[in-house]
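A.B. asks: Single-letter residue listing:
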Amino acid sequence: MNNRLYGNLIFELSKEGRKGYSLPKNHFGSYEIPAEMKRAEEAQLPECDELTVVRHYTNLSNNNFGVDTGFYPLGSCTMKYNPKINEEMAALPQFQNLHPEQPGETVRGAQALVTLLEKSLCALTGLAHFTFKPYAGAHGELTGLMTIDNYHRSRGDMARKKVIVPDSAHGTNPASAAVCGLEIVEVKSLANGQVDFEDLQRLVAEQGTEIAAMMMTNPNTLGLFETRIPEIAQLIHACGGLMYYDGANLNPMLGACRPGDMGFDVMHINLHKTFSTPHGGGGPGAGPVGVREGLQDCFPFVSPYQGNYGVMMRAYAYILSLGREHVKEVGPLATLNANYIKESLKDVYELPIDTICCHEFVFDGLKDKSTGVTTMDVAKRLLDYGYHAPTIYFPLLFHESLMIEPTENESKETLDSFIAVMRQIAEEAKTDPELVKGAPHNTPIGRVDDVLAAKHPVTTYRQLLAENVQ
Amino acid sequence: MDYKYFPHTSDDLQAMMEKVGVKDLDGLYAQIPDAIRFKGDYQLPSEMSELEVRQLFDKLGSQNQQLTCFAGYGVYDHYMPSVIPSLLQRSEFLTSYTPYQAEISQGTLHYIFEYQSMMAELTGMDISNASMYDGTTATAEAMMMAVAAGKKQNKVLVSAGLNPKTREVLDTYALHQGIELETIPLKDGVTDLSILKSQLAKGGVAGAIVQQPNVYGIVEDFTGFAEACHEQKALFVVNSVIADLAVLKTPGEWGADIAVGDGQSLGIPMQFGGPYVGYMCCTEKLIRKMPGRIVGMTKDNRDQRAFVLTLQAREQHIRRQKATSNICSNQSLMALFVTMYLSLMGKQGVKEAAELSYAGAHYLCDELVKTGKFHLAFDKPFFNEFYVKYDGNVDTLSKHLLEAGILGGVKLGDGILFAVTEKRTKEEIDNLVNIAAL
Numbered sequence: 001m002n003n004r005l006y007g008n009l010i011f012e013l014s015k016e017g018r019k020g021y022s023l024p025k026n027h028f029g030s031y032e033i034p035a036e037m038k039r040a041e042e043a044q045l046p047e048c049d050e051l052t053v054v055r056h057y058t059n060l061s062n063n064n065f066g067v068d069t070g071f072y073p074l075g076s077c078t079m080k081y082n083p084k085i086n087e088e089m090a091a092l093p094q095f096q097n098l099h100p101e102q103p104g105e106t107v108r109g110a111q112a113l114v115t116l117l118e119k120s121l122c123a124l125t126g127l128a129h130f131t132f133k134p135y136a137g138a139h140g141e142l143t144g145l146m147t148i149d150n151y152h153r154s155r156g157d158m159a160r161k162k163v164i165v166p167d168s169a170h171g172t173n174p175a176s177a178a179v180c181g182l183e184i185v186e187v188k189s190l191a192n193g194q195v196d197f198e199d200l201q202r203l204v205a206e207q208g209t210e211i212a213a214m215m216m217t218n219p220n221t222l223g224l225f226e227t228r229i230p231e232i233a234q235l236i237h238a239c240g241g242l243m244y245y246d247g248a249n250l251n252p253m254l255g256a257c258r259p260g261d262m263g264f265d266v267m268h269i270n271l272h273k274t275f276s277t278p279h280g281g282g283g284p285g286a287g288p289v290g291v292r293e294g295l296q297d298c299f300p301f302v303s304p305y306q307g308n309y310g311v312m313m314r315a316y317a318y319i320l321s322l323g324r325e326h327v328k329e330v331g332p333l334a335t336l337n338a339n340y341i342k343e344s345l346k347d348v349y350e351l352p353i354d355t356i357c358c359h360e361f362v363f364d365g366l367k368d369k370s371t372g373v374t375t376m377d378v379a380k381r382l383l384d385y386g387y388h389a390p391t392i393y394f395p396l397l398f399h400e401s402l403m404i405e406p407t408e409n410e411s412k413e414t415l416d417s418f419i420a421v422m423r424q425i426a427e428e429a430k431t432d433p434e435l436v437k438g439a440p441h442n443t444p445i446g447r448v449d450d451v452l453a454a455k456h457p458v459t460t461y462r463q464l465l466a467e468n469v470q
Numbered sequence: 001m002d003y004k005y006f007p008h009t010s011d012d013l014q015a016m017m018e019k020v021g022v023k024d025l026d027g028l029y030a031q032i033p034d035a036i037r038f039k040g041d042y043q044l045p046s047e048m049s050e051l052e053v054r055q056l057f058d059k060l061g062s063q064n065q066q067l068t069c070f071a072g073y074g075v076y077d078h079y080m081p082s083v084i085p086s087l088l089q090r091s092e093f094l095t096s097y098t099p100y101q102a103e104i105s106q107g108t109l110h111y112i113f114e115y116q117s118m119m120a121e122l123t124g125m126d127i128s129n130a131s132m133y134d135g136t137t138a139t140a141e142a143m144m145m146a147v148a149a150g151k152k153q154n155k156v157l158v159s160a161g162l163n164p165k166t167r168e169v170l171d172t173y174a175l176h177q178g179i180e181l182e183t184i185p186l187k188d189g190v191t192d193l194s195i196l197k198s199q200l201a202k203g204g205v206a207g208a209i210v211q212q213p214n215v216y217g218i219v220e221d222f223t224g225f226a227e228a229c230h231e232q233k234a235l236f237v238v239n240s241v242i243a244d245l246a247v248l249k250t251p252g253e254w255g256a257d258i259a260v261g262d263g264q265s266l267g268i269p270m271q272f273g274g275p276y277v278g279y280m281c282c283t284e285k286l287i288r289k290m291p292g293r294i295v296g297m298t299k300d301n302r303d304q305r306a307f308v309l310t311l312q313a314r315e316q317h318i319r320r321q322k323a324t325s326n327i328c329s330n331q332s333l334m335a336l337f338v339t340m341y342l343s344l345m346g347k348q349g350v351k352e353a354a355e356l357s358y359a360g361a362h363y364l365c366d367e368l369v370k371t372g373k374f375h376l377a378f379d380k381p382f383f384n385e386f387y388v389k390y391d392g393n394v395d396t397l398s399k400h401l402l403e404a405g406i407l408g409g410v411k412l413g414d415g416i417l418f419a420v421t422e423k424r425t426k427e428e429i430d431n432l433v434n435i436a437a438l
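Those protein sequence lines, which keep their order, are chains F and C.
The numbers in the UniProt record's numbering rise by one with no breaks, and the one at position 342 of the first sequence is 342.
The numbers in the UniProt record's numbering rise by one with no breaks, and the one at position 107 of the second sequence is 107.
Hints may contain errors.
[To be verified] In silico DSSO-like cross-links for lysine-lysine, where the CA-CA straight-line distance does not exceed 27 Å:
no., chain 1, residue 1, chain 2, residue 2
1, C, Lys152, F, Lys161
2, C, Lys299, F, Lys455
3, C, Lys289, C, Lys233
4, C, Lys322, F, Lys188
5, C, Lys347, F, Lys161
6, C, Lys347, F, Lys15
7, F, Lys38, C, Lys380
8, F, Lys25, C, Lys351
9, F, Lys38, C, Lys426
10, F, Lys119, C, Lys39
11, C, Lys351, C, Lys380
12, F, Lys38, C, Lys423
13, F, Lys19, C, Lys233
If you are wondering where the hints come from, they were derived from the structure by calculation, not from laboratory data.
Chain F on its own, in the form it takes in the complex (with noise of 0.2 Å):
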C-alpha cells in the first residue's frame, strides 16, 4: 500500500522547474517590489507536478487509519461516524465564499444558521446561551473558566481563584484553569469511581470563599455517571461558586440528562465528538460554551469571528438528520454498546469498577499480568487485526489503564468481532507473549523510538538534510 517512491517526503520528490499551478498573467502592468523589502534567501518550497502532489498524499492517506477505515474506540474522544451529508453542506460555495466582516445584511443565511444551531444546543443542555468563538474542546474550557473568572471579577469577588477538579479529569482541565490564571485543587476520587463527598465537603469547608468553580465531566472519565451531582452543585452554589461541565462525555447523556438540569452554570461541548463533526487527525474542532442565563455578558473574547464557523455547519447539518426523534437515541445506544463490551471482555480483563458505565468504561489491562504483556502490547496488538487502539494509560488512576469507548454508530457484527480479537490477544498473551510485546507486525512500520525523537529532535526536512550530512 505505501509506494516506496510517492511515500517520500514531499521535498524528497521535488525536482526543479517542475510546477503543480497555474495562475493568471498579470495584466496590471509592471509593479516591481522593491528589493529592500524581500527575504535574502528563497523559501526552500517543493517543486513537483500536480500528479506527484495528489500520489503523494494519496499514499500518506493509506498509511492512516480512520473511523471510515474500522473501528476507532479510542476513550474519550468519541469517535463516531462522521455523516458524508455534513461536509457536503459545509462545502456549500454560498457560506464557502463569505468574508467574515462582510455587512449583516449580505450575510442573513450564514448568522440565522448560527442562532439556529444556538437554539438546538440550548433545548439539548437546558442552558441559555453559547458563544462559538472557541475552537476546540480545550479552548471551550478556556472560554468558560473565563467566563466563571469575569463573573465573580464583576460582582467584586476577587479572592475567588481556585477550581475543584476530581483527580480523574482530563490533563486539559487543570491546563486551563493555569491558563485561566486559576489554581487547581484536586478532590479525591472513592474506591467506586466517583468523587468523594466528604472530601469535598472538607475542601469548601475550608476554601469556600475562594471557590470559583468546580469542574467536571458527568459521566467521568471512569464513565462513571456521578450519582450525587445535584448534592455536590448545591454544595458548590451555597459557598458562592460555580459549576462547570467539561463536555468531553456529553454523548451518553444525549436522550437522558441535561447539564443544565443537572446543575451545571457554564459548559463547552466538542462538536467534534458529540455532534459527529470529523476530527480531522487533530482538528479543526469546535468548542462552543453555553450559559445559564445572566452569565452570557460574562462571555470573553477568545476569537475574532464565529469561530470554526464550518464545523458549526456541519454540527447543524447532523442535529437535523437526527432530529428530535433520534437524538434521544444516541446515548442510550452509546451505553448499549459500552456496557456490551465490558461484559463480555471483563473476564479475561481487568474491571476495577464492577458497574453499570455509560458511554466508556476503563480496563486496568490483561486479568494475567503474569507474562508481562502490558496495555501498550494490547493495543500495539489491536493494530495488527485492524482496529485502532483504545485510550491507553489514561486515567491515571489505575496503573494499565485501557479505556474504551464504542458509540453508537457500531454493529453488533463490529462489537463481536472485536470482542473476538480482544480475547484472543488475552489468549495470545498466555501462550505467545513475545508476539503481543512485539506488536504491530501488519502495520506499515513497526513500533517507533519515542526517545530517539525527543533526546535528538529532528522536526524539520532542513535539519533532516543537516543531520545526513554529518
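Here the structure of chain F is known, so what remains is to put chain C in place on it, guided by the hints.
C.D. replies: For chain C alone, kept in the frame of chain F given last:
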C-alpha cells in the same frame, strides 16, 4: 432502530440488553437520580431526510450575498487549487484523530513533518509546531510563551500596528494571566522604534509583538528591533501574513525569536471566519518552551524512517497545570491544507501569487488615487492591502459597491482598507474604480 446511523435491529437490542442485564434501554440509566432525568422531547425540529437538509441549507445559503471581495483585515480571498478539496476529503485523513498510535498514523505524522518544514522555510525560523487554532490565538500563545521564557518579566509590548481583533484576544488572555500589555505607538503608520527602546529601558519586559504587514497593510522596517529587545532580554515576536513571506523579508531575517500568524492566506476559504490555522515557529533554543504538538523524525524497530509526536513532556496530558499551554491537539486538517497548497504552488507559485496580489493592489491604489477622491493615509510601502482616506461618505460608497456585488474593503476608523489577491481580475478592479469615481 429505524435510522440510518444506528445499526441495531430489535434482535440485536434484545441480545445485547440480555448480556448487559437490563430489561430496556432506560435501565441503562437507573443510576441517574430521577429528579434530573430528562424524559420529555427536546425542542428540536423533526428528523430531516438528506433532501430536506439540503433544501434547508440551500435556503439559508440563498440569503447570503455572493460578493467580489476586496476585503482583507487578516482574512484574504486567495485562490484554492482544485486538488485540495478533493484530497482533503480522503477519509483516512478526515476521520482520524491525533496520531497517538504512530504505526497507523504515519500519513498524519508525515504531513505534519512536511508542514513544520514548510512553515520554518517561509518564516525563516528553525522550527515550527504542528499548528494552532488560528493567528490570533497563536499570537496569544506567543505572548504567554515570552512571559514563561522571561521568568520574572511580566510585561509585553504590543505594536499599535497589530490587527485590533488580535489585540483584543491578547487583552483577554493577558487579563486572566495577569500579564501587563503596553502599546507601542505608531509614527507615520509604522511602529516607533525610539519609543519601543524607551519602553524596554524601563525593564520588566518579556517580549514585544509586531505585525507584518501591519494592520494598514504597510510593510514595516524592523531594523534594530530584535537587537533592542535582546539587549533587554525580551523576546521579539513577529506576526506575519504567511503568504506574503514568499517574497517579504522573513521574521527570521528580522531576528525574531517567535514567528506566529494565520495560515489562512495560503488558499484556505474565508468560510465566514473559520476554520483557519495558526502557525507558530521559533528558534531552536526555545523548542522546549513551545506550546502545541511537535512531530519529529525517528526510527521504528525495523530500522525504517518514521515520524512520531515528540517532546510531549511540555504538554497538558503529561504536565497538567504545569504544561506550556492548555492546547490539546492541533488544527491538523488545515495544516494538511496548507501543506498541499505549498506542495502544489511550490517555490515559484507562492512568489507568483504574491507578486500578482502586489501588482493588483498597487494598480487599484493608483486608479483610486487618480479619481482624485482617494488619498493614501500614509506615505509608506504596502504589499497587497492599503489604507486610504475617501473624500465622500465611506458608508454611502460601501453601499453603492454592495449594490454592484462588490465588498469594497473594510471600514477602519475614518478610512477604508482595501485588499487585492491574485483572484481579482483587471475588470473587477476597473469596475470598482468606476463606481467609486462616481
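A.B. asks: What are the numbers of the hints the structure violates, in ascending order?
C.D. replies: Going through the list in order, the structure violates hints 5 and 13 and respects the others.
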